Structure formats: C-alpha cells, structure tokens
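**Q** In case you want the letters, here they are:
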Amino acid sequence: MEQQAFLERAIEQYGKATYNFAYRLTGNDADASDLTQEAFIRVFRAWQSFKPGTSFLSWIYRIVTNLYRDELRRRKSRFYQEEMPERAVAPIEEYVEGHLSEPVSKALADLAPEHRKIVLLADVEGCSYQEIGQIVGCSVGTVRSRLHRARGQLRKLVNRYMKSSS
Amino acid sequence: MNETHPSLERIVDYLHGELPPAEDAAIHAHLAACPECDGKRSDELAITEALRAYASATERDLPPGLATKIRSTAVQTQTGTWQRFFEGLRPIVMVPAAAVVALAIYIGYNSWHRAAAPTPIQAAYYVNNHAAMAASAPFGDAAPPITLTSDDATR
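Chains as they are written, first to last, in our numbering: chain V, 1 to 166; chain G, 167 to 321.
The hints are simulated quantities; they were obtained by calculation from the structure and are not laboratory data. Some hints here could point you the wrong way.
As a list, the in silico DSSO-like pairs of lysine-lysine whose alpha-carbon atoms are at most 27 Å apart [unchecked claim]:
1. K235(G) to K51(V)
2. K106(V) to K16(V)
3. K163(V) to K235(G)
4. K51(V) to K106(V)
5. K16(V) to K235(G)
6. K235(G) to K106(V)
7. K106(V) to K156(V)
8. K76(V) to K51(V)
9. K156(V) to K206(G)
10. K76(V) to K106(V)
Keep in mind it's a predicted model, so treat the numbers as computed, not measured.
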C-alpha cells in the first residue's frame with residue numbers, strides 16, 4: 001500500500017533526525033519517543049497532503065513543535081491544577097534541568113521553549129529563518145528577534161554555568 | 167566610526183547566511199578589517215559550534231521498538247480512521263439516500279401506474295337531461311322538484 005510505503009520511507013530516512021529533534025526539545029527519552037510516534041502517525045494520516053519537492057523535515061519538525069507546544073500547555077495547566085507549585089516551571093522543564101549537566105544543555109534547558117525551538121532549528125538543524133518561520137508558525141522578523149534574544153540569554157547562561165562549574 | 171560597525175544582530179544574521187548579498191559582502195569585508203567585530207563574530211560562532219557539538223554528542227538512534235510501535239499504531243489508526251469516517255458519514259449519507267430512494271419509488275410507481283385521465287363531466291348535459299325527464303314524467307318518484315336558475319331567469 002502506498003500510504004504504508006510512505007510511512008516506511010519516512011521512518012527510515014527521517015526517524016532518527018525527528019527523534020533527536022524531539023529529544024533536544026524535551027530532554028528525555030519517554031517524551032521524545034511519544035512526540036516522535038505521534039508525529040509519524042500524523043504524517044501517516046496526512047500523507048497525501050505532503051507536496052513532493054518540499055522539505056519533509058520542515059514538515060515533520062513543524063508537527064513535532066506543535067505537538068510539543070500543546071503538550072507543554074496541557075502539562076502546565078494540569079500541573080497548576082493538581083500541585084500548585086511555588087515555581088512556575090512545567091515538570092518537563094524540571095526534568096530537563098535535573099538531568100542535563102553540561103553548561104550548554106543546562107543553558108538550553110533554561111531557555112523558554114519558544115526560544116529553545118528556534119535556537120535548535122537555526123543552529124543545530126541549520127534551518128533558514130524562512131523555514132523556521134514555517135515550522136514554528138511565525139514571521140521571519142519574529143524568528144530573527146526571538147533568535148537574537150535567545151542567543152543573548154544563551155550566552156549569559158553558558159557563561160554562568162561555565163563559571164560555576166570551573 | 168562606531169556607527170559603521172554592524173550590530174550584533176547583523177553579525178548573527180551574517181553567520182546564519184541570512185543577509186542580502188550586498189550586505190553580506192559589506193559585513194564580510196568589515197570583519198576582515200575590524201578585529202573588534204571579528205571577535206564578536208568568533209564569540210557568536212563559538213555558541214553555534216557549542217550547540218552543534220552538544221547536539222552531535224547527544225545524538226541518539228531511534229529507541230529499539232519505536233519504529234515497530236509507530237507502524238502498528240499507524241495501522242490501528244488507519245482502521246479506526248475508516249471506521250470513524252463511515253460512522254461519521256452514516257447519518258449524512260443515509261438520510262438523504264433514503265429520501266432519494268423514497269422519492270424514486272414514489273415517482274416510479276406513479277409513472278408505471280398512472281391513473282387514466284379523468285373524464286370531464288358534462289354538467290349541462292345531465293342537468294338538461296334531468297330537466298327533460300322531469301318534464302316528461304312530472305309525477306314520477308324519481309322526479310324531485312326542480313327549479314333551474316336559468317329557467318327562473320327567463321320567466
């Protein structure tokens with residue numbers, strides 16, 4: 001079946017990249033696996049809407065970032081309702097904070113999710129501002145300003161963590 | 167000379183290859199001649215390289231079993247999707263379809279069993295005939311007292 005073959009090819013070619021992107025966003029294997037699985041299910045369902053010649057990675061990264069954003073919102077609201085934390089931090093963020101030790105990863109974990117996505121897409125995935133805009137769903141101007149703000153924060157955070165570790 | 171230095175944002179855009187060609191060339195030339203701005207470029211590049219190094223150091227393979235799980239879930243989803251599709255479609259399709267079938271049966275039945283065209287009743291003939299019969303047998307049982315409007319009018 002054509003749809004099945006499409007999924008097979010997508011997993012084979014982009015499964016690892018998608019999982020790694022999800023892992024860098026979430027910082028843990030369980031959430032990254034869930035995100036990856038859900039993203040590929042959506043690809044499978046909407047396979048006919050994929051236009052050949054366009055970037056598959058941009059498409060699936062867009063799905064992953066949207067799923068991640070929705071999951072964060074869901075967790076935040078559940079977290080506030082159930083536990084009333086003193087710190088306004090989602091559990092997923094705390095998990096990332098607790099499990100990553102390197103200055104860069106800790107600094108990344110401290111970034112706001114919107115900023116982290118853009119930094120990862122621009123600097124790790126090597127996406128253009130336009131591609132990032134399509135993935136994240138904002139204008140190139142917004143991508144530019146968020147990236148600059150994120151990099152400014154990242155610079156300070158990396159310096160702070162490097163000083164504290166040395 | 168400060169105003170001729172590119173902003174940090176411009177240097178970051180330059181590093182990401184996001185500047186128009188003319189501006190890109192201008193900044194490229196400026197960086198070659200300005201150690202201060204080139205230092206900023208190096209700092210920004212170091213951040214990008216640190217991020218890439220972190221990414222490659224933490225790169226992972228797909229967890230074992232994840233691809234299989236995706237495949238099996240996709241197949242289940244597919245079945246579920248079709249089921250949902252038909253379930254969702256049922257009232258939408260079945261009600262109009264039933265209406266169309268009922269209409270077709272009605273029209274078909276009528277066209278096959280079309281009743282004969284009604285024979286026009288010649289009312290004037292019956293009235294005149296009756297009047298003539300009443301006149302010929304005025305005391306017959308069947309003869310009701312008749313008053314014709316037209317007769318009244320002629321009197």
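**Q** The structure should be examined with respect to each hint, and the outcome stated for every one.
**A** Do the hints match the structure? See the list:
no.	hint	verdict
1	K235(G) to K51(V)	holds, 26 Å
2	K106(V) to K16(V)	holds, 23 Å
3	K163(V) to K235(G)	violated, 43 Å
4	K51(V) to K106(V)	violated, 38 Å
5	K16(V) to K235(G)	holds, 15 Å
6	K235(G) to K106(V)	violated, 31 Å
7	K106(V) to K156(V)	holds, 12 Å
8	K76(V) to K51(V)	violated, 35 Å
9	K156(V) to K206(G)	holds, 14 Å
10	K76(V) to K106(V)	holds, 21 Å
Checked against the numbered hints above, the structure violates hints 3, 4, 6 and 8; every other hint is satisfied.
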